[in-house]
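S.K.: Here are the chains, one letter per residue:
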Amino acid sequence: MTDFSDIQTIEHDIIIIGAGGAGLRAAIECSAQGKNSGVVCKSLLGKAHTVMAEGGMAASLGNADPRDHWKIHFRDTMRGGKFLNQWRMAEIHAKEAPERVNELEEWGAVFDRTKSGLINQRNFGGHRYPRLAHVGDRTGLELIRTLQDHGIHQGFDVHMECTALTLLKDGDNISGVLAYWRDSGRFVLFKCKAVILATGGAGKAWHVTSNSWEYTGDGLAMGYNAGAELMDIEFVQFHPTGMVWPPSVKGTLVTEGVRGDGGILLNNKNERFMFDYIPEKFAAETADSEEESNRWLNGDTGARRPPELLTRDVVARAITTEVKEGRGSPHGGVFLDIASRVPAELIKKKLPSMYHQFKELAEVDITKEPMEVGPTTHYFMGGLRVDHETQETAVPGLFACGECAAGLHGANRLGGNSLSDLIVFGKLAGTGASQYVDSLSKSLAINQEQVATGIREATSILNRESGKNPYLIHDDLQTVMGNYAGIVRTEDDLKKGLTELARIKKDIEQVKAPGASQFNPGWNEALDLSSLMIVSEAVTMAALERKESRGGHSRLDYPGEDSEGLKYNVIVSKGENGMEVRREPRDTPPQELSRIANASIDDLEAEVVRERNNG
Amino acid sequence: MAKRTFNIWRGDNSKGKFESYEIEISPGMVVLDAIHKIQVELAPDLACRWNCKAGKCGSCSVEINGFPKLSCMTRMNSIPEENDVTIRPLKPFPVIKDLVSDVSWNYEQNKKIAPFKPKPRDADGNHRMYQEDIDRVQEFRKCIECYLCQTICHVIRDQGQKEKFVGPRFMIRLASLEMHPLDVADRIPAIKNDHGSGMCNITHCCTDVCPEHIRITDNAIIPLKERVVDRYYDPILWLKRKIFG
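If you read the sequences in order, they're chains C and G.
So for the first sequence, our numbering puts the first residue at 1; every next one is plus one.
So for the second sequence, our numbering puts the first residue at 1; every next one is plus one.
Read the hints as simulated data drawn from the structure, not as lab findings.
Bear in mind that the values here come from a model prediction, so they are computed numbers and not experimental data.
Check each hint, because a few of them may be wrong.
What the hints assert, rightly or not - Here are the simulated distance ranges between beta carbons:
(1) 103(C) - 230(G): 29 to 39 Å
(2) 562(C) - 181(G): 46 to 56 Å
(3) 345(C) - 78(G): 25 to 35 Å
(4) 94(G) - 390(C): 41 to 51 Å
(5) 459(C) - 19(G): 44 to 54 Å
(6) 235(G) - 115(C): 35 to 45 Å
(7) 133(G) - 613(C): 29 to 39 Å
(8) 345(C) - 91(G): 32 to 42 Å
To be verified - Derived coverage of chain C by chain G (criterion: at least 3 residues anywhere in the stretch with Cβ under 8 Å from a Cβ of chain G; other residues may be distant):
(9) 38-46
(10) 95-107
(11) 143-156
(12) 239-248
(13) 459-472
(14) 502-516
To be verified - Straight line, CA to CA, 25 Å or less: simulated DSS-like cross-link-like pairs of lysine-lysine:
(15) 225(G) - 240(G)
(16) 191(C) - 169(C)
(17) 17(G) - 119(G)
(18) 505(C) - 574(C)
(19) 269(C) - 368(C)
(20) 111(G) - 17(G)
(21) 505(C) - 240(G)
(22) 359(C) - 37(G)
(23) 119(G) - 115(C)
(24) 250(C) - 359(C)
(25) 111(G) - 250(C)
(26) 111(G) - 15(G)
(27) 512(C) - 117(G)
(28) 112(G) - 17(G)
(29) 162(G) - 15(G)
(30) 512(C) - 468(C)
(31) 119(G) - 468(C)
(32) 162(G) - 119(G)
(33) 324(C) - 547(C)
(34) 112(G) - 250(C)
(35) 468(C) - 505(C)
Quick reminder that beta carbons are idealized off the backbone N, C-alpha and C, glycines included.
Could you put together the complete structure from these sequences and hints?
M.R.: Below, the structure written as C-alpha cells:
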C-alpha cells in the first residue's frame, strides 16, 4: 500500500465542515464546551452562502407585535411545512429562536430598531405577525459577520479554502476527514472524534438557482456514503422570485421582503393574479380584496394578509401557471411592482441591495418600474436525518445542522425560518457533538485504505489521458434536473430523468480535468460532480416515491395532498446494491403539539392572552 | 453578439504572463461571466475566486483595466468596445495562482482588533438602541470585505506599509465598534499606536472604489483620527501634562 505518512495531518476533537451560519454557530458552541475544534470551508471565511440571505430571521420576540408567541410561530411553521415537519424540531426552533437572536446582539449584531429601541421585525410569507429580525435586506451578511467576528476570538481554527472529500470511519464511528487545500491542491488528513456537517443544500444541480458554486451537496453525499440517511429529499424549494433577465443573472434571488414591504405581483394584463390562487386552507387568513390588503399593509390589525405573502410553494406555482398560460412578462416571468406602492426614498432605505442589484445588473430602477421575476431553485427542505435534540445522524459521531439537515421545515420552508434554523440547531449540534466526544471511551484510528481510495479517486481525474469536460457535464446534469425534476414533476419525466442521470454518471466516471492540482477550478468542479450526482439521484428517486403533491413537491399526475402522504417520510440510503428508497412511518404526533398546530388561530391567540394574564 | 479579447494574468507569485483569450459576449454579461466562459471553452484551470455573483460576498475582486473592481458587478457594456479587457489579481497581495491572491493578511488585521464588549442589558433583559444612533454603524456594517479599498490604499499599495496601517477596511471595522452604542471597550490607544490611524492622508481613494458606497474616509477614518487627536493632542490636556507631569 502507498505510504501516506507524508500527508499533512491535523488533529481536532471536532471537525465542522461548512462556515455558514450553522457551521460557525456550531463551532462557537464546541469552543464554549471546551472542545478543540476546526472549521473546514471551501471558500474564504465570511463568504459562505448565508451572506446571500436577505429578509431576516424569524423569532417570536414580540417586539413589533406583542401578540406573538412561540406557539404561534410553531403553528405557522407546521402549516407552512404541510405538517410533514418533525414536530419536536419545530417546537425547539420556535422556543429557542428568540434567545439565539438576542445572543447575536450580545456579540455585536446591529439589527434595525423599533421606535422604542428594540429589535425591529418585518412581515414575511406564512408568518402570522411581523416576526423577522432584520437589517435592511442584508440580514445574512449581518449574521455571518457577527458570527465571524465573535468566532475568531473563541479559539477554534478555520481551515479556509479546503474542500472535504470523504468521511473516514473506524468501524462504525467517525474518525476523520480526508480533504484537500484548494490553493496547493495537496491532501490533508483531519483526525477527529466527531464531525458536524453544515454544508447546505445542492441548488447547483439546477441551472436556474439562487445558490453559489459551493452548493453541490457535499455534506449530503459524504453523509450518505458514510451510512447516514437522507430524508424528505424530494422537497426542494423553488423561491417564487428570482431575477429572469439578463440571462447571466437568471435565478439570482429577489428577497421576499419586497412583498413583505408592500410589493405586488402582476401579470401582463396588469392583473393582481395571486387573488386567484388562495388555497382553501389559507382562505380564512388571507385578504380577498385589494382594499383589505392595503388596510393590512397600513397596520390595520383587523385586516387579513395579502395573497402575495402566501407560502413560497403556492406563490411559485401560481407564477409558473401564469407564465404557462401566456400571461407572463417579456422574459418569461411576471412583474413584481413596488415602485407604484412605496415612495422611492423608502424603497432605497428598506431594500438597498435590491435597488443596487437591479440597477447594476439589469439596468432597472425598481423605484420607477416593476421588476421581472420567476421561480428559482433556492433551498433543500430535506437532508440528513438527525435526532431532534442532538442533531446526530445514524452514524455515531456524525452530526448535521442547517440546510443539510432535514426535519424542521417539512415539505416547505417559511422565509425567515432558515437563518433561525442555523443558529438554533447549529448550537445544538455543537452541544450534541461535544457530549458525544465526552462519552467516547475507545480510541479511534484512521483506516489507511479509505484514505488511499479517496486520494486515488481524486487524482485519477487529473491523471487520465482524456475524458469529458467537467463544466459541460455539470451543464448537462443541470439541464436534466431542470427538465425532469423541476418545479412540477410527473412519473414519466422522473423516470426519464433517472435514465439520463445514469448516462451522466458514466461521463463522471471518465471526467478529465487538465492542468495541475494547484488552484484548479476544473478539477474542483470535477470533484464536486460526484456529490451532485448522488443528490440528484436521491431527489429524483424520492420524488418518484411520493405520489402526491405537497409543499415544494408538485406531481402533475398526483395533484393535491393525499392524507396517506402524512403517514411517512421518504428515506434514501446507501444499500449493498446502490441507492435504496423506503417509506418510514411517522410517529404519532405529540398530543399537545398536535393540538397547538391544529388549533384555530382565534382560539390560539385567546389561549396566549389567557396564559399571559395568568402568569 | 460581439467578440471581445481578454488579457488575463496566468501564473503565480514567482512567474507568469498575460495570456490572451477571445470569446463571444452576449447581452447583460459581466466580467465574471466572461471569465467563466473562458474556463469552459479555453482554459479549464484558470483560477479565480467567486461566490454569490450578486455583489454581496466580495469574493471576486480583481483589477480590470487597472481598476480594482468586483468582476460580478462589472458589466461588459461598461467597458468601451474598442478596448481589450485586461484582468490581473489584486496588486498588493501575493499571487496564489492566476487571478487568486493571498488575502490572509487582512484576516490577521481583524484578529488584532479588540472584540465587541457590550454593556449590561436593561432590567427587562433587552438592549435598547435607537435607529438614529445606529444608522452610521449600519453603514459600516454593509462592508462585504472585498478588500478593494485595501487594494487601492496608497499606504498599502504604493508604500507597502502593511505593518504600520490596518487599512481602510479595518478602520471602518474599528469605527463600527467605537460608534456602537452598546460597546464599552476603549480602542483609541490601539487605533493610534497599533492600527496606524495617522498613516492615512485622506485622499478618499478607498471611498471611491467601495462597491457598497460606504463613505469610508469621511464617516469612519476622519472621525477616528479626531478621536485620537482629542485624546492625545488636546492643548489643554497637553498643558496640564506639561505642568503637572
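S.K.: Indicate, hint by hint, whether the structure satisfies it.
M.R.: Each hint, compared with the structure:
| no. | hint | verdict |
| --- | --- | --- |
| 1 | 103(C) - 230(G): 29 to 39 Å | 34 Å, holds |
| 2 | 562(C) - 181(G): 46 to 56 Å | 54 Å, holds |
| 3 | 345(C) - 78(G): 25 to 35 Å | 26 Å, holds |
| 4 | 94(G) - 390(C): 41 to 51 Å | 43 Å, holds |
| 5 | 459(C) - 19(G): 44 to 54 Å | 26 Å, violated |
| 6 | 235(G) - 115(C): 35 to 45 Å | 42 Å, holds |
| 7 | 133(G) - 613(C): 29 to 39 Å | 35 Å, holds |
| 8 | 345(C) - 91(G): 32 to 42 Å | 38 Å, holds |
| 9 | 38-46 | holds (count 4) |
| 10 | 95-107 | holds (count 4) |
| 11 | 143-156 | holds (count 5) |
| 12 | 239-248 | holds (count 4) |
| 13 | 459-472 | holds (count 4) |
| 14 | 502-516 | holds (count 4) |
| 15 | 225(G) - 240(G) | 22 Å, holds |
| 16 | 191(C) - 169(C) | 10 Å, holds |
| 17 | 17(G) - 119(G) | 54 Å, violated |
| 18 | 505(C) - 574(C) | 16 Å, holds |
| 19 | 269(C) - 368(C) | 19 Å, holds |
| 20 | 111(G) - 17(G) | 34 Å, violated |
| 21 | 505(C) - 240(G) | 79 Å, violated |
| 22 | 359(C) - 37(G) | 24 Å, holds |
| 23 | 119(G) - 115(C) | 21 Å, holds |
| 24 | 250(C) - 359(C) | 15 Å, holds |
| 25 | 111(G) - 250(C) | 37 Å, violated |
| 26 | 111(G) - 15(G) | 31 Å, violated |
| 27 | 512(C) - 117(G) | 52 Å, violated |
| 28 | 112(G) - 17(G) | 36 Å, violated |
| 29 | 162(G) - 15(G) | 23 Å, holds |
| 30 | 512(C) - 468(C) | 6 Å, holds |
| 31 | 119(G) - 468(C) | 59 Å, violated |
| 32 | 162(G) - 119(G) | 33 Å, violated |
| 33 | 324(C) - 547(C) | 23 Å, holds |
| 34 | 112(G) - 250(C) | 40 Å, violated |
| 35 | 468(C) - 505(C) | 12 Å, holds |
Figure legend: structure checked against the earlier numbered hints; hints not met, in rising order: 5, 17, 20, 21, 25, 26, 27, 28, 31, 32, 34.
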